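Residue numbers (full-length UniProt numbering), protein chains in the order written: chain A, 1 to 323; chain B, 1 to 323.
Take the hints with a grain of salt, since some may be wrong.
Since the list can't tell identical chains apart, any single copy or any two copies may satisfy a pair.
[What the hints assert, rightly or not] Okay, derived cross-link-like pairs now, DSSO-like style, lysine-lysine, Cα gap no bigger than 30 Å in a straight line:
1. K161 / K6
2. K216 / K244
3. K216 / K161
Think of the hints as simulated: they come from the structure by calculation, not from any bench. Please read these numbers as outputs of a predicted model, since none were measured by experiment.
Protein chains: 2
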Amino acid sequence: MSVHFKKLALIGIGLIGSSIALAARRQGLVEVISIATRRQETLDEARELGLGDIYTLDAAEAVRGADLVILCAPVGAYAALAAAIGPHMEPGAILSDVGSVKEHVVRVVGPHVPQGVSFIPGHPIAGTEHSGPSAGFAELFAGRWCVLTPTQGVPQADTDKLVSFWQAMGSMVECMDAAHHDMVLAITSHIPHLVAYNIVGTVADLEAATQSEVIKFSASGFRDFTRIAASDPVMWRDVFLTNKDAVLEMLGRFSEDLSVLQRAVRNGDGAALETMFTRTRAIRRSIIDAGQETAAPDFGRPHETPPTPDVPFVREHGGGDDA
Amino acid sequence: MSVHFKKLALIGIGLIGSSIALAARRQGLVEVISIATRRQETLDEARELGLGDIYTLDAAEAVRGADLVILCAPVGAYAALAAAIGPHMEPGAILSDVGSVKEHVVRVVGPHVPQGVSFIPGHPIAGTEHSGPSAGFAELFAGRWCVLTPTQGVPQADTDKLVSFWQAMGSMVECMDAAHHDMVLAITSHIPHLVAYNIVGTVADLEAATQSEVIKFSASGFRDFTRIAASDPVMWRDVFLTNKDAVLEMLGRFSEDLSVLQRAVRNGDGAALETMFTRTRAIRRSIIDAGQETAAPDFGRPHETPPTPDVPFVREHGGGDDA
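One chain only, chain A, in its complex shape:
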């Protein structure tokens, strides 16, 4: 299966777009990369980083002659972008994207896809809390899943080619229905982000004195939430605007479960709490076994070395050090 494309057009060049540019180049998957952005500043940054070959503020120009077009902009911009590029796409080209929701993308982009273009929405399940063209790196997709949701009538050969493209960048690929994707991602991704944003927001509302203490003592759990809550705000706004039904459904389950836990706390029901806290360990074990997480304590976060023993008060007293 050939995974070589003559011209890859990346519409948007944030964390994901820039990582695709770097990975596709490194793996020799494309001849030419054209990059389109909305803002001049982002385009200049991409050019300075040497991410592509052609740089333009005009998405329609970027897709001309491209045999692979990937939308890497916030999902909220897709409808306008699709309307702009649709008439300029080449027959035989593949159109894909990297958005975190898929049904909405099919709904708003689909009508603009011309005859002869294969529309295969995608979602690489990879990322960090950093954003922008300089946040990308070629290893981002390695060992991570990429979900593709091919639309009706797309030739199997085109789907296979896009699958190979992602595999060549290190991804594992799974094809599924767009609605199913949105439901699974609501619980694995959207609700965790909503909850993280929420708890960090609760802290942001505390009076200043308490807030500074929360920051000081954040290593006790809170800081993990702040990483997730530092993700790109515009991207996440669009996720919640466009996957409303699945998010509200899963949020309902979450809230019901939280009420049960809250009642156990209020009633001092130790047995219920311990049962609840025990069964969750198995799920982490499964994730580590599935290769989706490191088994190192604390995510392998670096730990400082304590001061060496030859500080005055220790020298003063000597003995007991068996190190």
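Once you have looked at the hints, place chain B on chain A.
Leaving out everything else, chain B in the frame of chain A:
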């Protein structure tokens, strides 16, 4: 300030107890370490790891002649332990602990502390999701805060000595009121853990087919929660049983805030969502600036390298690799 102790008694030897044993040894802070556990199996494990000098199933025996006693067992065991060791503690000794709640500890341990013993509850804000004697390491406390909540009538010299002990193991130390500690920790630690346990629990209730997909695609946010929700269940049960008021108060705020977010999702209020998602970034920045977190993307989690470009389908097509 001398930080040298003749005999340190550790009552309980899990992640925190074993880390104290290793750090205190390495820094030369103690001559003899006696270790008491409830279970023979844990005691044998501690002995095999060489964590101490004296090993016993009898806490009262462990504290005999000790000038520093630290309770490192689950908080739920404190009342019985305090009753057992109280009559055997030496005048002039310091009694401390490492529990995640402090008012409750003062309440249940305080009455058993004999005249002449300085009771200074403590809480090292450090840990990983792993537990047991083999989980400990000497660097655990380096650069982390330790809160002490000295009780009334304790000589300042004793407090200073315990402060120096923790500092020598690498901690930064802050003294505060027990009730204030419990309120701050409710939001930085207890609520994040409750929420993490809850969301992992919601997943545990999904039908098996969906659950396996959640595990597969967990890298999208969910896996961070599973780390927190893999913490010691008995320890966390006791936290929620003993810091009920502060937890319920902060959980109330969290739930109110979540309702506001939920309404914004339901109403499609993009402006409100974006504002909410933007202000949370500053809090993470403060935590990184305060030295309580790594600035590396994704906590510095290891990223795999994608396959090298010389796989067949790439060789077949050549060109375009500027790496």
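List, from low to high, the hint numbers that the structure doesn't satisfy. The structure conflicts with no hint, since it agrees with every one listed earlier.
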